[in-house]
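4 protein chains.
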Amino acid sequence: MANSQYEYVKQFEQPDRLLPNTWIVIRIDGRGFTKFANKYRFEKPNDRRALELMNAAAKAVMTELPDITIAYGVSDEYSFVFHKTCSLFDRRSSKLVSTVVSTFTAYYVHFWPTYFPNSPLSPPLPSFDGRAVCYPSVENLLDYMSWRQVDCHINNLYNTTFWALIQQGGIGATEAEERLKGTLASDKNEILFSEFGINYNNEPEIYKKGSVVFRDYELVEPGTHNPTVEADSLAKPVQQSKSQAEKDKKRRSKARIVVEHVDIIKPDFWERRPWLLSNKPGKIPKEP
Amino acid sequence: MANSQYEYVKQFEQPDRLLPNTWIVIRIDGRGFTKFANKYRFEKPNDRRALELMNAAAKAVMTELPDITIAYGVSDEYSFVFHKTCSLFDRRSSKLVSTVVSTFTAYYVHFWPTYFPNSPLSPPLPSFDGRAVCYPSVENLLDYMSWRQVDCHINNLYNTTFWALIQQGGIGATEAEERLKGTLASDKNEILFSEFGINYNNEPEIYKKGSVVFRDYELVEPGTHNPTVEADSLAKPVQQSKSQAEKDKKRRSKARIVVEHVDIIKPDFWERRPWLLSNKPGKIPKEP
Amino acid sequence: MANSQYEYVKQFEQPDRLLPNTWIVIRIDGRGFTKFANKYRFEKPNDRRALELMNAAAKAVMTELPDITIAYGVSDEYSFVFHKTCSLFDRRSSKLVSTVVSTFTAYYVHFWPTYFPNSPLSPPLPSFDGRAVCYPSVENLLDYMSWRQVDCHINNLYNTTFWALIQQGGIGATEAEERLKGTLASDKNEILFSEFGINYNNEPEIYKKGSVVFRDYELVEPGTHNPTVEADSLAKPVQQSKSQAEKDKKRRSKARIVVEHVDIIKPDFWERRPWLLSNKPGKIPKEP
Amino acid sequence: MANSQYEYVKQFEQPDRLLPNTWIVIRIDGRGFTKFANKYRFEKPNDRRALELMNAAAKAVMTELPDITIAYGVSDEYSFVFHKTCSLFDRRSSKLVSTVVSTFTAYYVHFWPTYFPNSPLSPPLPSFDGRAVCYPSVENLLDYMSWRQVDCHINNLYNTTFWALIQQGGIGATEAEERLKGTLASDKNEILFSEFGINYNNEPEIYKKGSVVFRDYELVEPGTHNPTVEADSLAKPVQQSKSQAEKDKKRRSKARIVVEHVDIIKPDFWERRPWLLSNKPGKIPKEP
Numbered sequence: 001m002a003n004s005q006y007e008y009v010k011q012f013e014q015p016d017r018l019l020p021n022t023w024i025v026i027r028i029d030g031r032g033f034t035k036f037a038n039k040y041r042f043e044k045p046n047d048r049r050a051l052e053l054m055n056a057a058a059k060a061v062m063t064e065l066p067d068i069t070i071a072y073g074v075s076d077e078y079s080f081v082f083h084k085t086c087s088l089f090d091r092r093s094s095k096l097v098s099t100v101v102s103t104f105t106a107y108y109v110h111f112w113p114t115y116f117p118n119s120p121l122s123p124p125l126p127s128f129d130g131r132a133v134c135y136p137s138v139e140n141l142l143d144y145m146s147w148r149q150v151d152c153h154i155n156n157l158y159n160t161t162f163w164a165l166i167q168q169g170g171i172g173a174t175e176a177e178e179r180l181k182g183t184l185a186s187d188k189n190e191i192l193f194s195e196f197g198i199n200y201n202n203e204p205e206i207y208k209k210g211s212v213v214f215r216d217y218e219l220v221e222p223g224t225h226n227p228t229v230e231a232d233s234l235a236k237p238v239q240q241s242k243s244q245a246e247k248d249k250k251r252r253s254k255a256r257i258v259v260e261h262v263d264i265i266k267p268d269f270w271e272r273r274p275w276l277l278s279n280k281p282g283k284i285p286k287e288p
Numbered sequence: 001m002a003n004s005q006y007e008y009v010k011q012f013e014q015p016d017r018l019l020p021n022t023w024i025v026i027r028i029d030g031r032g033f034t035k036f037a038n039k040y041r042f043e044k045p046n047d048r049r050a051l052e053l054m055n056a057a058a059k060a061v062m063t064e065l066p067d068i069t070i071a072y073g074v075s076d077e078y079s080f081v082f083h084k085t086c087s088l089f090d091r092r093s094s095k096l097v098s099t100v101v102s103t104f105t106a107y108y109v110h111f112w113p114t115y116f117p118n119s120p121l122s123p124p125l126p127s128f129d130g131r132a133v134c135y136p137s138v139e140n141l142l143d144y145m146s147w148r149q150v151d152c153h154i155n156n157l158y159n160t161t162f163w164a165l166i167q168q169g170g171i172g173a174t175e176a177e178e179r180l181k182g183t184l185a186s187d188k189n190e191i192l193f194s195e196f197g198i199n200y201n202n203e204p205e206i207y208k209k210g211s212v213v214f215r216d217y218e219l220v221e222p223g224t225h226n227p228t229v230e231a232d233s234l235a236k237p238v239q240q241s242k243s244q245a246e247k248d249k250k251r252r253s254k255a256r257i258v259v260e261h262v263d264i265i266k267p268d269f270w271e272r273r274p275w276l277l278s279n280k281p282g283k284i285p286k287e288p
Numbered sequence: 001m002a003n004s005q006y007e008y009v010k011q012f013e014q015p016d017r018l019l020p021n022t023w024i025v026i027r028i029d030g031r032g033f034t035k036f037a038n039k040y041r042f043e044k045p046n047d048r049r050a051l052e053l054m055n056a057a058a059k060a061v062m063t064e065l066p067d068i069t070i071a072y073g074v075s076d077e078y079s080f081v082f083h084k085t086c087s088l089f090d091r092r093s094s095k096l097v098s099t100v101v102s103t104f105t106a107y108y109v110h111f112w113p114t115y116f117p118n119s120p121l122s123p124p125l126p127s128f129d130g131r132a133v134c135y136p137s138v139e140n141l142l143d144y145m146s147w148r149q150v151d152c153h154i155n156n157l158y159n160t161t162f163w164a165l166i167q168q169g170g171i172g173a174t175e176a177e178e179r180l181k182g183t184l185a186s187d188k189n190e191i192l193f194s195e196f197g198i199n200y201n202n203e204p205e206i207y208k209k210g211s212v213v214f215r216d217y218e219l220v221e222p223g224t225h226n227p228t229v230e231a232d233s234l235a236k237p238v239q240q241s242k243s244q245a246e247k248d249k250k251r252r253s254k255a256r257i258v259v260e261h262v263d264i265i266k267p268d269f270w271e272r273r274p275w276l277l278s279n280k281p282g283k284i285p286k287e288p
Numbered sequence: 001m002a003n004s005q006y007e008y009v010k011q012f013e014q015p016d017r018l019l020p021n022t023w024i025v026i027r028i029d030g031r032g033f034t035k036f037a038n039k040y041r042f043e044k045p046n047d048r049r050a051l052e053l054m055n056a057a058a059k060a061v062m063t064e065l066p067d068i069t070i071a072y073g074v075s076d077e078y079s080f081v082f083h084k085t086c087s088l089f090d091r092r093s094s095k096l097v098s099t100v101v102s103t104f105t106a107y108y109v110h111f112w113p114t115y116f117p118n119s120p121l122s123p124p125l126p127s128f129d130g131r132a133v134c135y136p137s138v139e140n141l142l143d144y145m146s147w148r149q150v151d152c153h154i155n156n157l158y159n160t161t162f163w164a165l166i167q168q169g170g171i172g173a174t175e176a177e178e179r180l181k182g183t184l185a186s187d188k189n190e191i192l193f194s195e196f197g198i199n200y201n202n203e204p205e206i207y208k209k210g211s212v213v214f215r216d217y218e219l220v221e222p223g224t225h226n227p228t229v230e231a232d233s234l235a236k237p238v239q240q241s242k243s244q245a246e247k248d249k250k251r252r253s254k255a256r257i258v259v260e261h262v263d264i265i266k267p268d269f270w271e272r273r274p275w276l277l278s279n280k281p282g283k284i285p286k287e288p
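Protein chains in written order, with the numbering used here: chain A, 1 to 288; chain B, 1 to 288; chain C, 1 to 288; chain D, 1 to 288.
In case anyone wonders, no lab produced these hints; they're calculated from the structure.
Hints are supplied without guarantee of correctness; some may be wrong.
Identical copies carry no separate label here, and so any pair may be met within one copy or between two of them.
Claimed, not checked - Mimicking DSS-like on lysine-lysine, the simulated pairs with C-alpha atoms at most 25 angstroms apart in a straight line are:
1) K208 <-> K10
2) K35 <-> K208
3) K286 <-> K208
4) K236 <-> K250
5) K266 <-> K59
6) K35 <-> K249
7) K208 <-> K59
8) K39 <-> K249
9) K266 <-> K10
10) K249 <-> K283
11) K236 <-> K10
12) K254 <-> K39
Please construct the entire structure, taking both the sequences and the accompanying hints into account.
Encoded structure:
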């Protein structure tokens, strides 16, 4: 039974290679997570276990896919950044998106019992969708990252105030929404402070800043690197010697993947970690 | 902290809506499953538990995504077919692919202990990649399904003979490969029968035919429907009344999702199950 | 001076092959033709010379690109249909669109003096833009053609009435527009007839129906062909013998390309000219 | 006759917006120009009239489409560069490609009698195809331009030698080809000089360098600008005041469009003309 008469169907596959020399961001989002969060009684406005589970899954994704240089997570979404020189899967969009989403989901389900030991998962199971977006310049990429972190801040300030009004103020959801309509950040800070004694600045960084996942090398002195310019100089397909590529790979695998809750909008974060934009692994920090 | 200065980055998302009025096939494949199968000592040439786990995950995907009309699985791959009138997620490719892949992965990991109770999963976890392909006509779609089932047959006959030579014939992998080079189907059948007393026709259907997953309604008499013509008449966006849509949805959710190991190359399979191509739910069979 | 260090830039070209087994429609539109029509004092509501120039250019395009099976023109737009089995330029969208647009433009400029002998062209010259759209089924394609012809009718009835009000009724453009706001087809017919003695039915067919361009073979008896079904059976890449392909090519080149102003919405047009959908050349009519 | 039942066909149009913040290059090529050149007896290896006709058409395209910042032509091809901030036609690929191709073709046909007064055009007419390619960084763009100019040089040196061998050396085409197989640039220079007394360096610049078309402003001092850095800083959609945009437009329209035959591979060309990469019009040079 030869297969040749049917093989023509392969021609219907359309190529989907992402434009070379652009930063690839793959953002994944929890599907129907409002309902999912209710089912498992996630705490409001933030459930630390749920966030730490997200972070654990993201760390695992970065371990399995060393081409990812940095990831940023907030709530039920995570953005994974592939360096603009990345040639993984020949940059095919479906392949990149589906691999990231699948790996993330596998770890999310696998690690669930560690973070929710008393709430075993039952169908419908948690799942994520994803998409790929290309950013041509470092500035575009950093603006993307800033966009997500500002969004985290805006949503968290809103949610913190909203749930304080409900949980501590004892009013209903509609009323709380009404109360917050049109308020500025300063108004919300004021409500939190004067009505509930909450100083928003003292809220946990993981809630205010989200989670940044990256390989940890020795920080460099501020002002000694201009990572944007260094990255922009990498416009051509990388012509690395095999031994250099091997060395880089080894160093990368030795680096600890860390999760931090820090500002990624100001340039300082990027200047002190030039490897994030240059894609050249830094120095492994000495063990303390 | 307004977010407006960064929001321009949203403009970099490119639309990826699949062409209307085409059949959408999403095929997923296990990533690195040769290595994975070795790690968990999958039986050769076929591991029934592994196949049944794949089928259980596929059934769960179809339960969560009723827009899928039929799925076909073989080895570590599965193809999910969305009807050409489908408008789920506005037919966005990334969204469809990532949702299918994520849901499948979630169930694969979740059901693992049921099928492999003595081999708990450990990193690196199983994962899948996926892609979407559009087929304009019923004939193209059926040719795609035939392509996969013929492939299943060709590979299974080869693998059955290959592993018989090794496991029962006691020769090495290279030698077995050498032995099979250039052989026809008839030669392999002959080797199996004369050397190992295996009648290939008596091998389990699940290995020879793969697995077909679909909603089960009452079969119709052969010759009473021409599902290809019926499907081709659905060229325009469906204008269903709301109550009809509700009725269809209810019927679909009542239908049992079954896994069968049958021939889908001959027209009979499709003629007796006109709902697969027409997308109109059939009659729920009476309980026996 | 070797070129190798720069050749990597070729990798940035993205493939744009249109989905196989779909009808390709390339529609071109005059750029800024309102202004252009004023500059050369086109007659209102229709300028016959301008339409005939469009038709002459379309005929020339079809002569140079025998893969086009039919074209339909109205006002300053033209739609060219490539058969779904077409493999010209490997179905690359840019190549198809740019070739059609360029060839059309070349003839439009070249033939201009024939149709406007007393108005030599001067910069800015007339130009056209274009796009490709794929239609999976015959029904979609015929609906596209109907869409354009109904649009022709609607616009022509409006314009005929609008310009009658201005040219014969002596009112201004704003007033005429106001007068026609919200009117039905029957209202416009009534205005034309009772106020200006114009029976719209007697208007020239070229204005009411637009222009259909195709290769002319002997008409077949209605009811003897079902071209839709015949076309749908051509789902696979055509495997024609070389001699058959040569014969078809010769017949096609012998066929006269005609421009007619007829109804293409009713099935009769297509049933009597089965070659349009089957892509098999018909019989060359005997010379009278 | 309402059109609503057919309007669904509009949904089949697929968006084709090019990635923001990337340089758009539209390259057009003469279709079947070997044959065309023979028909009109173009001189070998270069026909100056044909090249000047190409240049005249390119200048006209740039006049009609002020969004084009620079163009480069060689033989029967021309590359038009749109600045990375360009938002013309919402960056739709088909629209950009077809407009450039159509406008170029219109002028090519229109200007033909000026350059070939004794050879009136007859069908088949000259036509061009085109494609769009995006380049994310200035370096990629300059490498593209260098690629074309190096190609010009390599081809011209080859063709000059090839035709000298035939026209002056009196040998046949096959023999000439054989003779040149495997030769280096230095070998060809040597053949030209020792056998035909031709010093390749003295060949006309238009043949050796191709043609560069751009708006002419006052040159700036070398070393005072770093246009690459200036261009890379334009990553966001331009937020220009209306009056500034008007001023820029006026200046641009005042600038003379020039055709030069100069080196665009060395940085000097770009450093002295910073407006090409910054998209900010320079100073209009004083009339001499």
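Alpha-carbon proximity between K236 and K250, which holds within one copy, between copies, both or neither at 25 angstroms: This pair counts as within: shortest intra-copy Cα distance 24 angstroms, inter-copy 37 angstroms.
Up to 25 angstroms between alpha-carbons, please classify K249 paired with K283: within, between, both or neither. Answer is within: at 13 angstroms inside a copy they meet the 25 angstroms cutoff, but 51 angstroms across does not.
Is it within a copy, between copies, both, or neither that the alpha carbon of K266 lies no farther than 25 angstroms from that of K59? So K266 and K59 pass the 25 angstroms test inside one copy only (23 angstroms; across, 46 angstroms).
Is it within a copy, between copies, both, or neither that the alpha carbon of K39 lies no farther than 25 angstroms from that of K249? between (42 angstroms within a copy, 24 angstroms between copies)
With identical chains treated as interchangeable, where does the CA-CA distance between K208 and K10 reach 25 angstroms or less: within a copy, between copies, both, or neither? between (48 angstroms within a copy, 22 angstroms between copies)
I want to check one pair: K266 and K10. Are their C-alpha atoms no more than 25 angstroms apart within a copy, between two copies, both, or neither? Close across copies (20 angstroms), not inside one copy (48 angstroms); limit 25 angstroms.
When no copy is named, should K208 and K59 be tagged within, between, both, or neither for a Cα gap of at most 25 angstroms? within (20 angstroms within a copy, 40 angstroms between copies)
With identical chains, the pair K35 and K208 could be close in the same copy or across copies; at 25 angstroms between alpha carbons, which is it: within, between, both, or neither? within (23 angstroms within a copy, 41 angstroms between copies)
Within, between, both or neither: K286, K208 at alpha-carbon 25 angstroms: neither (30 angstroms within a copy, 57 angstroms between copies)
Within a copy, between copies, both or neither: which one fits K35 and K249 at a CA-CA cutoff of 25 angstroms? Between copies, since 21 angstroms is at most 25 angstroms while 41 angstroms is not.
At most 25 angstroms between alpha carbons: which applies to K254 and K39, within, between, both or neither? between (39 angstroms within a copy, 24 angstroms between copies)
Between the shortest in-copy and the shortest cross-copy C-alpha distance, which are at most 25 angstroms for K236 and K10: within, between, both, or neither? The answer is between: 12 angstroms across copies meets 25 angstroms, while 32 angstroms in one copy does not.
Violation of the numbered hints given earlier is confined to hint 3; every other hint is satisfied by the structure.
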